[in-house]
Structures are given as C-alpha cells and as structure tokens.
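*Asks:* Listed here are the chains, written in short residue letters.
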Amino acid sequence: MAWKLDNPLHTMTSEDQNQKAVELWEAESLGGITEDNNRLPQPVLGLLVLTIITAFLITFPLWGQRPHAAMYEEYIQLMDSPEVKDLPDDKAMQFIVDKVKASNSKWSALQERHPLEMDDLRMIKDQVVELQKQGARLDEYTIVGNKVVIANFEGNFIDDKGTTRRERVQPWWDKGYTIDIVFILVFCVAVMIAVKRLPPFTFKPDHGKHH
Amino acid sequence: MAFREYKIGARMFGLAFGTSMFITLYMPAVDISNVSVTATGLHRQLSFGRMGGFGYEDMLLQGINKPVSVVIKTDPQSGAAIEPTRAYVYEAGVPFPNGLRHPRILGKGPEALSMSKGRISESSESNGAVFIVREVEQNGEMVPYIENATAVRGWAPSATLAKVSEADRYHVGKGKIMFVREGCWWCHTLLPEETQDWQYFGAPPMLGDFNGENPTAFGSDRKAPDLTHVGSRNSSREWMTLHFFNPRLVQPHSIMPRYDYLWGDVDANGNKINFKDWYASYDEYSAGKRVYPPEVPEPSKDSEARALIDFVLNLK
Amino acid sequence: MFKYLFAKNEDIPAGAAAVFFGFSAIVWFIVGTGLGSFNAAKLAFPDFIYGVEMLAFGHMRQVHVLAVILGWISMAFAMAMMYITPALGNTKLWSEKLGVWNCFLWNVGLALGLFLLWMGVTSGREYSDLPWFIDLVVIFGVLFPLGLNVWMTIKTRRTQGIYTTNWFFGAATFMVMIVFLVGNSPEFFSLTGLTEAYLTWWFAHNVLGLWITPVAAAISYYIVPKVTGNPLYSHRIGHLHFWSVVVFYSTPAAHHLMSAPLPEWLKSFASVEGVLILVPAIAFVSNLLLTMTGKWKMFVENVEIKFTISGVLMAIPLNMQGGFQQTRAINWYIHGTGWIVAHAHLALLGFSTFLEAAAVYYGLQTLLRRKLYSLALANFHFWMLLIGFTTYWISMTIAGLIQGAGKIYEVPYIDVVIAEHPYMIARWVGGTMVFLGNCVWLFNMWKTARAGTVIPAGRLPHELAYER
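Residue numbers (my numbering), protein chains in the order written: chain A, 156 to 366; chain B, 1365 to 1680; chain C, 2 to 469.
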C-alpha cells in the first residue's frame, strides 16, 4: 500500500508494487481473456469534459417555460394609456407589443414565445391588478386559459413576511447543482486515484510471455 | 486502490452506492414528507380509500371494501335541508385511507386540526364512519382538515347512506380500482405537465395533492388525453356511457378499446344484455347499412362500468 | 431439467443451469415479443379483438413489459452469469444444483406473477406492477439465489484477479436486490403520494441503470475479447466505466418526473446526473470498439460479434437520447410521447437484447459443444431483429415528435391520434418481424442442441463457423 506522490499523474504506486502488478498482469489469463493497459484516448477525455459542462448548461430552465403573470405586467399597464384606448384591438395590441419590445423588457424572449391577443389580456387584467395590490410576486403566477393561478414549482426556500416557504419558480441555482458539483469532484478524484495506482500507461503487457 | 485490491474496491463501492442512496432516497423523502396536504389531497384519499391497486382488502381488484362518495342534501341526523355537502361513507370494516391511519402524513396543520376539530381519532374501521373535508383560516391561510362527521354531527354511515338517493352516490373508490385494473393509465395520464398543456388539460397538481394516495398512477405514455380534470371538461354521464361501451360511437377516430365487458350480464333494468346482437347491429351500422347505432344499455348500479364512470366524472 | 432438481450437485453436468436458462430465455423472448406484437395490433386496429376482458390492451401491456424484462432479458443475464462467471475464474459454478433450482423457481414464479398481472391483479405502478408478494418471490426466490451463485463462484475462483465482467456481475446482482427491496417499499409499507410516485420511478430507473445496462455491457466485455482473441483495450477505462455506473447511473431517478411537482433541487440534481450517464456510455463504447482493432472483418463474418457490436453501436444513440431527453430544455417537448416508447425499446430491444442474444448464441454452442445448426438462420434472425427494431424505433420516434408538437401547440388530441395512425401500423409490422425472427431462433437453437456438428475439444465454436 505504499504511495508515491512525486509524480501523481504518472503513477501513485511504489516501484516494487508496480513490479508485482506487472508480473501478475502478464502471468494471468482469466478464462482465456487478457487486458491491455491503454490510456483513455485524449479526444474521448475531451468528450467527457464537454459532457460535464453541457450537463449543467442544458439543465438550467431555459426552454419550455409557461407564460407567467409578470411577463404581461407591462402589457397590462399600457392597456389604459391614452394612445391605446381609441385604437381597434389588433392595432392596439401591435402598438403595445412594439412599445414593450422597444423598452428592452426583461421578459422579451418569453413575450415573443407566448404572444396573445387583446381579448386574452382583458380576461387576465383584473386578476393581475388584484395580485399587484396584494403585493404578490407575479412571476409565481401562471396563466391558465382565462385564469391566473399560482404555479406548482417547488423552488428554493425564501423568506416571505417572516415565514419560510418555497418560491414558485424554477430556480437558476439550487442545492441540487451544488450536490452535483461535489459529487462530480469526488468521483473524479476517486477514479483518478484508482487509475493512477495502476502501473503507468507506458507499461504494455506482453500477453505471449506465459501462455 | 492499486491493481486488484478488492477489499478496498468493495469498500469504495459501498461508500459510492450508499452516498447515492442517501441523496436520492433520504433527502427527497425528508422534503416530500414535510409538505402539508391540500384540500384536493384530502378529497382524493377519502374518495379512493386505502389502496387503489392490490391490497389485502381487495385481493382480486374487484372494487370491494371501498368507500362511497355521496352528496348530502339533508342532514341525516336531524333531517333538515343543508347545503349540498360532499361526504365519504366508510361502512363498517372498510379500511381507512392512509391519512387517517397515519395522520402524520397529512402534515402539521391539517394533522392537528383533524385531531382536535375533526376528532378523527374517535373513528374506527370496525364501526365505520362518515368523513367530510373542511377548511378554517389560520394566520391568513386556509388550512384543510378531515372531519369525522360521525363523531361531530352524529352522521352514522348506514343512516347516511339510507338518506342519499342513488343519483347522489358515486362509487369513486371502486372506480379507481377499475381504472388501475383495466389499465386506463397506460394511455391516459393523470398528471398535466408542469410546464406544458395547462390550457387544454387544466392546471397541474400541487405537491400536497397526493398525500395519502397509493398508487398515484400518473402514467408515463400519453396515447390519449390527460384525465386529471376530465370531469370539468365533460360532465355528461350519457357521453361517458356511450364512450366506454364503444368509443367509436362518439369519436369515430378513437383507438380506445371497448369496455363493454364491464357492464356485466344485465343492464340497469335487469334485462340480459345481448352482446352478440349488439355487435352484429353495430357492424351493420359501421358498414353503413343502418342509420342509427344500436342502443347502449344503461349500466346497472352495481356494475363495474358504473363505478368507472363515477370515477371519471369525479376527476375535476 | 426436472431430473436434475433432486440429483446430487456433482452428478449435474457443468453448464446444465446455463443451458436451461438459455432456452427459457428464448421462450420468454418469444412470449414477450408475441404479446408486444398483439398489443401493437390493438393500437393500430382498435377493433381487432374486443369483448374479452383478458385480451384487453390494459390487461396485456404490462405482461409484455415484464415478460421481456424478467423473462427474456434477466434470464439471458442469468444464463450468461452461469457460464461466464466460472469461465473467468477458471473454475466451476459454485452450485449447479442451486442454478437449476433457480431456473425452475424463476420460470414458475414469473409465470404465476404474469398470470396474476394478466388477470388484473396489479399494484398499479409501472414496471413494479407485480403485487408485493410476487416481489418477495422475485427478491428471495430469484435474485438472491442468482446473486449467491455469482458471489460464491467469484469467491471460489482459481485466479488472483477478477475480470471486469465479474465486477459488474457481482455488483449488479447485489444492487438489483436493493433496488427491488427499496423500490417496492410503497407496496410493502403502503407509502403514498409523491413518495410513492418517486419510488416507482426510482425503481424503474435503477432497474434499468443498475441491472440491465451494466450487465448487458459486462457480457460484451466477455464476448468481444473472447471471440476476437484480442486483449481488452484498457483495464483503466474499465475502472472509469464501472465506477461511473455506480455513481452516475444510480442517481438520476427523479428525471422521470420532470413535469411533476417534485422539489426543484431534486430535478436539477437528477438532470445533471442524467446527462452524466454519458460518462459510462462513452467509456464503454470506446473500450469495446477499440478492442475490435484489427478484427473488424468479424463484424461481418461472425454472428456473435455482429450482434454484440450492433448492440454496442446502438448504445451511442441510446445514451445520446437518454442523456439529453430528460433535461428541462428537451423534456417538455417529448415527455410522455411515443419518443420515450421508442427510447425504451432502443434500450431493451436494441442495445441490451443484441448483447444478450450474442451471449446466448455463444453460450449454448460452447456448453453443448455443438456448432450452430444453421449460420444462415442465425443471420436471418439478426436481420429480422435489426430491421424489425429499426422500423419500430423510427416509426415511434416520428409518432412521438407528432405528439410533442400536438402537446406544445395544444392541438385537440384526436387530431394527434389520427396523425399517428400510419406509425402505429409500422410499429406493429416492426414488432411482428422481431417476433417471427425469434421463432426462427428457437428452432435454430433447438436443432443445434439436437443435430449440430460436435465441436472437438480445444476448439472454439466460432473457429469452425465456416467449416463443414
């Protein structure tokens, strides 16, 4: 069980232990099967690193988001503005959309993905205004047909007026990602130790030696 | 761990596997069990009974030993007219759902209220009981709880059932068994998706909507519409009857199987159902030789078809 | 078989248990795919058979799934373990008698369980449909004796080393027992709500990830070096593969419920881990394909390598799908559609079946010491499986994309059903081809046992494949 840490990426085992492993490796045939000692090809290693990075990037809640009340807040505010009031519905909607777009809304991507008509806006307007009065967080409410209802996401714990509750949004970061990072790091270290305790990959077993 | 050191390898395996199990079993279990039940969750478990699949009370999944959901319009105790109230009648010997057996799974608020105000600890399976779902305001929030109406209002199970007309009884517990046994959930999911299909199939459930229910039978392969809120979309018993007997009577392109065998031998009037004749007439109808399809028999009140229709109509 | 149940252990010829398991597996494969074809016919032609409760789709769908998983796939695994584990330790199976009893109880228990399921006696939980008392039979009557035989055979080996295949066999037989015990706990202890739903999918995920995938991969770790005569490309990559299966394949269970109201942290965790199943997949595929170096002509000439390498190649699309379809970015589109059905068949009928078929072909020939009765029929079997499966997979993938679009744009559901109809017919055709191919396979193996050319001592079956 001797460790050699002067060149850990080459081998982490002492010379005599490596020698023993090499002898055993070449002497033994397991049911007629032998094993080589090649390293993981470097392109494949690159692929593994890419996989780990992609795993995080693709898990963030980017696509498939339902329309929530917050993204229509600006639309609803503009509904009562004097420019809009006298226009026919389709022109009014166009005006609102263009104006909000020009104002670099935080929700412009979602607004583009979930367009709606003036009639839709009228159906949800009162409910959204009511929620605003209550001081609710609008991005926690989803539009279902003509109703505005609380979303069913079980997000991170937040402090809400003295009580702790889960926020009803898909979070960008939560303890799941943190556990993932720890998990992956421990895995990488453990497997690297396991592999580097073997004879270095420069050793090519000679399978013709003993049988 | 060097070359062929199996003792260390075995320990590393134990550690790795154990850590995985800790994260994927223990941590979620703590989170999920801390969630309080919603009113929907109470209604669901009270209407389904203890098990919706195989259980000792119903080994062959015939739908026996299940509660009956009723709508009460007159107080069974005093006979006075009351607001129509949804109640769940557990006759003597019918096993209680898990929320009553282990009130802890209801979550803190509902558990405490069910014990104090609802007096559920005074109920027993051997005597049966009638339950209703109530809500009270606590700290600005509505908290639901189970009320043991037998103790609180003196509604005995048999007296309650006697006061309820046939039209106000729903065999939802038995119907859930049919839903599971007949494999409805292989094609119809019971879970509108969190980020999709809200407009069409309705709002998806909250985490607390399922405490006390087993199996949840969400389904995974949606070959047909989601049924979580089907009773709100379509409340026609007549349509359901036709559709279960032969889906192509109401939807020519449907690929749903016919569930006519759930009618049993006789219809609601006690007449024997002649399936052979029915099939022959239907074949003539679908070949265009008849203008109207044959009459669909009305299911008898104890039939499995009736229970399944009751279940579906009560998915709201 | 029955005469060996009460024979002395030393009187039972070596390999008897493996041969019984091999033939049982093929028979269950025919039963399972036959049921699959029947079910598919009902989806394509809903009035195909009606009015009989026992022949209704809802009564037969789960019988198809479990006949294939616990009958075909798991019995082929048992067969492979019964002959590969001792071979790699230069020893005999620890107890041939236990193996024969294992096979007998397995067939009886599975037949009983599936009959009950067929009658409608179900727990109502996908993949763990069997009622809990049958689960106990499976755990203690089927999986434990199998594991015991494997562990004791490894323990009594005559080599110092344990080859990679046996790491997987030893670990997977242990893990699958834990998976059955924990995954069925909602039935044992009547757990409810999202706990029940989560454990249902915890079971379904882990039975795939900690049993079917690693054992199938382990089989190819034996077949490829053995038949090609090449050394395994890398012992080191074997480490990476094994440890990443244990760590990354055991964690993403929650990704099956991405659209349910589970805690979001659990979904984030499971989703990242879910993409990381590509780590064992990449290690596995690269190790096996590099082992083939210099022997690629055997991919054409040799039936075992043809099956194995096809299976290994199918692991690439399988894991690309499996890794990415569960993430938030993609899952919302294809969740609950035929895409998933196609993916499940790519895992079980594509990837894993092809690897097991190779093990059964190779094992029966070596154990019976008889050459294949007909190489032509074996090739016919291969192409029936491959073309049948591909037809199925492509048609269901397209159907799934249609369903997904229907879901996103909230199209009335009946329009989706109408649009899917041609693909339902194609699915039935593909499934039926697989079923017919398997009937030919049983005939071929039966004739091999009865009338195959005897293989002389010291030769391997594939060396004689083209000799008369």
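Hints were generated in silico from the structure; no laboratory data involved.
Don't take every hint at face value.
DSBU-like cross-link-like pairs, simulated, lysine-lysine; straight-line CA separation at most 35 Å [as the list claims (entries may be wrong)]:
1) A:Lys330 / B:Lys1640
2) B:Lys1640 / A:Lys302
3) A:Lys246 / A:Lys261
4) C:Lys448 / A:Lys364
5) A:Lys254 / A:Lys280
6) A:Lys288 / B:Lys1371
7) B:Lys1371 / C:Lys9
8) A:Lys359 / C:Lys9
9) B:Lys1371 / A:Lys364
10) C:Lys448 / C:Lys93
11) C:Lys296 / A:Lys364
12) A:Lys254 / A:Lys240
13) A:Lys359 / B:Lys1371
14) C:Lys448 / A:Lys359
15) C:Lys156 / A:Lys175
16) C:Lys9 / A:Lys351
17) C:Lys156 / A:Lys364
18) B:Lys1371 / C:Lys448
19) B:Lys1437 / A:Lys316
20) A:Lys316 / B:Lys1371
21) A:Lys240 / A:Lys256
On the chain C side, residues computed to face chain B include the following (Cβ under 8 Å) [what the hints assert, rightly or not]:
22) Ala42
23) Lys43
24) Glu127
25) Gly194
C-beta: ideal position from N, C-alpha, C; glycine also.
*Asks:* Report the numbers of all earlier hints that the structure fails to satisfy, in ascending order.
*Replies:* Failing hints, ascending: 1, 2, 4, 6, 8, 14, 16, 18, 19, 20, 22.
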